[in-house]
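Colleague: Protein chains in written order, with our numbering: chain G, -1 to 172; chain L, -1 to 172; chain F, -1 to 172; chain W, -1 to 172; chain B, -1 to 172; chain R, -1 to 172; chain C, -1 to 172; chain A, -1 to 172.
These are computed hints drawn from the structure, not numbers from a lab.
Treat the hints loosely; a few may be bogus.
Some chain C residues flagged as far from chain B (calculated, every beta-carbon gap over 10 Å) [unchecked claim]:
hint	residue
1	A52
2	G53
3	G62
4	M89
5	D95
6	M103
7	T134
8	R136
9	A141
10	K145
11	K153
12	G161
Partial pick of chain B residues on the chain F-facing surface, computed with a CB cut under 8 Å [said to hold, decoys possible]:
hint	residue
13	S9
14	P12
15	A52
16	A92
17	A147
18	V151
19	K153
20	F162
Values in this document were obtained by computation on a predicted structure and should not be read as measured data.
Every residue, glycine too, gets a C-beta built ideally from N, C-alpha and C.
Number of protein chains: 8
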Amino acid sequence: MFVGILMGSDSDLPVMKDAAEVLEQLGVASEVHTLSAHRTPESVVEYVQKSEAAGYKVFICGAGGAAHLAGVVAAHTALPVIGVPLMSAKMGAAGLDALFATVQMPPGIPVATVGINGAKNAGILAAQIIGAGDETIRKNVIAYKEKMAKDIVAKDEKLQEMGFKKYLEDAGLI
Amino acid sequence: MFVGILMGSDSDLPVMKDAAEVLEQLGVASEVHTLSAHRTPESVVEYVQKSEAAGYKVFICGAGGAAHLAGVVAAHTALPVIGVPLMSAKMGAAGLDALFATVQMPPGIPVATVGINGAKNAGILAAQIIGAGDETIRKNVIAYKEKMAKDIVAKDEKLQEMGFKKYLEDAGLI
Amino acid sequence: MFVGILMGSDSDLPVMKDAAEVLEQLGVASEVHTLSAHRTPESVVEYVQKSEAAGYKVFICGAGGAAHLAGVVAAHTALPVIGVPLMSAKMGAAGLDALFATVQMPPGIPVATVGINGAKNAGILAAQIIGAGDETIRKNVIAYKEKMAKDIVAKDEKLQEMGFKKYLEDAGLI
Amino acid sequence: MFVGILMGSDSDLPVMKDAAEVLEQLGVASEVHTLSAHRTPESVVEYVQKSEAAGYKVFICGAGGAAHLAGVVAAHTALPVIGVPLMSAKMGAAGLDALFATVQMPPGIPVATVGINGAKNAGILAAQIIGAGDETIRKNVIAYKEKMAKDIVAKDEKLQEMGFKKYLEDAGLI
Amino acid sequence: MFVGILMGSDSDLPVMKDAAEVLEQLGVASEVHTLSAHRTPESVVEYVQKSEAAGYKVFICGAGGAAHLAGVVAAHTALPVIGVPLMSAKMGAAGLDALFATVQMPPGIPVATVGINGAKNAGILAAQIIGAGDETIRKNVIAYKEKMAKDIVAKDEKLQEMGFKKYLEDAGLI
Amino acid sequence: MFVGILMGSDSDLPVMKDAAEVLEQLGVASEVHTLSAHRTPESVVEYVQKSEAAGYKVFICGAGGAAHLAGVVAAHTALPVIGVPLMSAKMGAAGLDALFATVQMPPGIPVATVGINGAKNAGILAAQIIGAGDETIRKNVIAYKEKMAKDIVAKDEKLQEMGFKKYLEDAGLI
Amino acid sequence: MFVGILMGSDSDLPVMKDAAEVLEQLGVASEVHTLSAHRTPESVVEYVQKSEAAGYKVFICGAGGAAHLAGVVAAHTALPVIGVPLMSAKMGAAGLDALFATVQMPPGIPVATVGINGAKNAGILAAQIIGAGDETIRKNVIAYKEKMAKDIVAKDEKLQEMGFKKYLEDAGLI
Amino acid sequence: MFVGILMGSDSDLPVMKDAAEVLEQLGVASEVHTLSAHRTPESVVEYVQKSEAAGYKVFICGAGGAAHLAGVVAAHTALPVIGVPLMSAKMGAAGLDALFATVQMPPGIPVATVGINGAKNAGILAAQIIGAGDETIRKNVIAYKEKMAKDIVAKDEKLQEMGFKKYLEDAGLI
């Protein structure tokens, strides 16, 4: 296994699962854990140190509000740590709280932050990081991006054919 | 000693010293440490556990940006933890980053947050917390607040006497 | 009774009840009142002064918008005051209005602010404050935190056993 | 006297003096006081009740941070209360804290809020309020606005005559 | 009639009607118009000038987004103008756009701004402004505020009697 | 054809279609494409260069989040480019992300930005731009604006006739 | 003359002059006026109507705070109106007030908004709009953009030659 | 060479040089270029494709305002791209514009974003990414972090020895 995906609560799983799924598509093994920077801090530290020793390459950490998980992980490893700020409708602040708490790290301890709720991009970024040193994975990323481009082009062709009014109806968008 | 004052860098000291100074005025002993949640995480944990065992009552933690120090301390103690969000002109975001990263804690691990750069209020709050169980300290807080009220009243009297134009001149405010 | 829980309107009760409930779990007595800083200011002052004289230890105040309740209470007591900023969907501003109006207090009159809608954390913080001077309550807080940690660990074990896809199905999260 | 101008600290006077000065120009008597919602709450209440009884027409209240002064005054009077949110560079938040804490009042207790640091506009608004029931003052407001319009027209004429390059040089703006 | 209530679109009426209703309760006559600063600017100017000449005392203007209506009205009258910033879910920005566009007026042209969607408070403020020069209306405002206070006290008594759990059930709040 | 309407994904079409529809009403031909600045960058460049050579007059680009599409188009053409910031509920930030990423362009490469989700206004602005050099289109814009004004006046007349209570009922707004 | 540049106060001239200067470089005639939406509304309307009749093609309007000037101009013309949000350090809000008040226009009355203080881009955008119907001006814009590109390439060549340390010294940047 | 550092203007160099300097300390070769996403888009694409083919591992891109550089680079490579949002005092928005424009990327094209002005952290993150596949560089990162920790511990020891008052004096911080 290469990528450890952590989140503070199983309520984050419906968003964070996107990271595991895209990694699977890109041929990168991963494992998913619920471990909290605030409620089980020792388990987090232990997990990170054990995983780095075992040859893991990247950590992905998702958290909301005063999102400290990615920073706590980054404090205990020399590996790259990707942070996913999660938005909590109940806590207000439009997701800016988690974004700031993840990205504005002090000098010396970076967190590679993706967009709010951007778990899929976290997975792709992890694959790109591994791909920087692994030609197979990099080729998987290239293929993934080519597939995305083709999908958009195909949609545009369909749009030109149908016109936007029929396209919207057809797609059930109006 | 009763109150541990922590900050991540000695560059925070010019703001955070206000906490130590007001505690001194209120008759509460304190000690000041630079310890970083991200750069010396083990030292933070060790300090907190040792201090709680030694009978400390409150921790005050000042940090800027993705301010995790108060949260990390709160994760390792059952004592009340006061967080002071510090503004960093260089990092943008008008201090909201540190405010969010300090106050928006997940259920179970509260941080008692004061205003941006509010180190003096952190000291007073620590004294109020100790004063909830210690009559002498509570009386010191009462006296402190009465002194503040008197100062304002005195200024208002001077203002009525002088008129606002002369008052401004006299105080060098214009 | 030890903790007074105040809010400006009974529409705040569905959020603020969390404070009373967690205090009950932590063995701390509390009482709940609707009293408004703006509509019944004299009642607030009277209540606070009477309660401090009667030996109360902490006040918890929840309010939304231009949330003044915690500040008004803090102006009339030397006890620690915890502020809970409440978000109002109807008034816009994503809860930042109440957060700012609660936390950005002037020097001399701190409010111990928790996160937006963070009533449960307000209750735990009140218990921590009382626990700073009362070993039984502090032990209750420690036990509460250990229980939280165990719950997360148990969830993680179940997650490892099931894998995240089955876990999500099983929990009805997808 | 008709308008009471309050502020929490004499450090607010360099901004708040603009209200008194423009009222003077508009023929409205006013008086200036430093009285704090948090440090001298009883004095504020006493002042407001005494002034309303004495026939005052409007209150202007300037405060920064968790700006409660206007709201506290509004809680104790049926007269219109104008709030001036003051920006504090030291407390961060770009003045939004004071704006929110002044304007987002709960139903029943409005504060007539002007812009951040808008003390001059507070004075003019107070004159407009008095002018709604007093023809002389309303005419003074009309004359004041006509004077403003003339000043701009004169500047534009000078600008057309000089061209913008010479105008900037002449005014020392570059 | 004394108060003119303007809004840019009839879609604003469900919020803005609160101003007319509370004015009715307070004994102040008002009329409601849809007139747009951007789509029917001449009608706005004409209406304002005619109404000021006819002895109107206050204008209330509700608008969302780049809310210019209150400012445009204020540009054409010496009477006090109350602005109600309206939140538009579709346009994003959490209502801050309308708040800023209403409150941050340049020196010389104040708008008395109330909270986001605060139409009821706009009505009460208009009554307070008229009440500053009209004893009957001021007494109506005092009675209104006393009624509000009594309602809260009654709710608190019911809450003490029932306890918060039963109260919540009884009110259908859980 | 004169106006090219681009968006990064067909999920933007339900908002962006407003631009095409209003252009149709204003007598301006347009075409709609899904092309992504990030997923199909070469297609974007190719399309823009081909369209400018073919005599297109304006581009309209809608995008959400880190909305780069308008900027990328502007980098490859000397024609005016209109940007429509789109709000994404899932990505948080209340639409400010797309607004900033569209409007805050560096010196030399402007994007004519309209409001969040303001696709209809983008269409009208495109017609105004074409109308600056084409009398027929300018007259269509004038007619469109006169129609809007008449609609509001008609609504206001209905409102005066019915009164606001009946109007609300009649329109099903309450 | 083709472009009318308006601003509410001569204090905006040091920023707004950039629009006039870049238009001059691009071969587009312009004129600069100080006219205020709030203080001289009739003059604004008169100027806009006269200028549209005289064949002007575009208006550029700069304003700060509750920036209504561009919207007021747009309400009275069918020509494209470019809005420049100006930041005022004294009024707080980091320029967001003017940005929102300029860009968030209601359906029907667009303002082509450029970045905060983006007067130079407003000038370029005006030239692009005129260039959409005038080949000479469009070629001037193309030449201007090529010149910009060359300048950057030249700087990059110098940077490669010198290395970044020497480059910084040489440019006096450290 | 392994890391390409790009920025849109040489005025970004005083901040961005920190990335190059820390990479040098960590034993990673890098090169610095000024290339603009908006002014020299073809050069950016060409550079990225050439560098990926030549075996570069990571790109670091710094930009302010509507910061598109990192996104444009990410659109043309399968390598990890690090974005540094730069704050521009002149353009307002407190650096949030660049942060949003860098981090809120659409699904499929992640940018690894660091804090506002966080060029040093960008360099360390690049080294961590390379270190994930290169033991020597990972050890350099570990050594760098140990050095940071020692520096803080040393400062804390000095602080304990001196006391905070003498420490502040000694460091010239008061």
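Colleague: Which of the numbered hints are not met once you compare them with the structure shown?
Modeller: Of the numbered hints given earlier, those the structure breaks are 3, 4, 5, 6, 13, 14, 15, listed in rising order.
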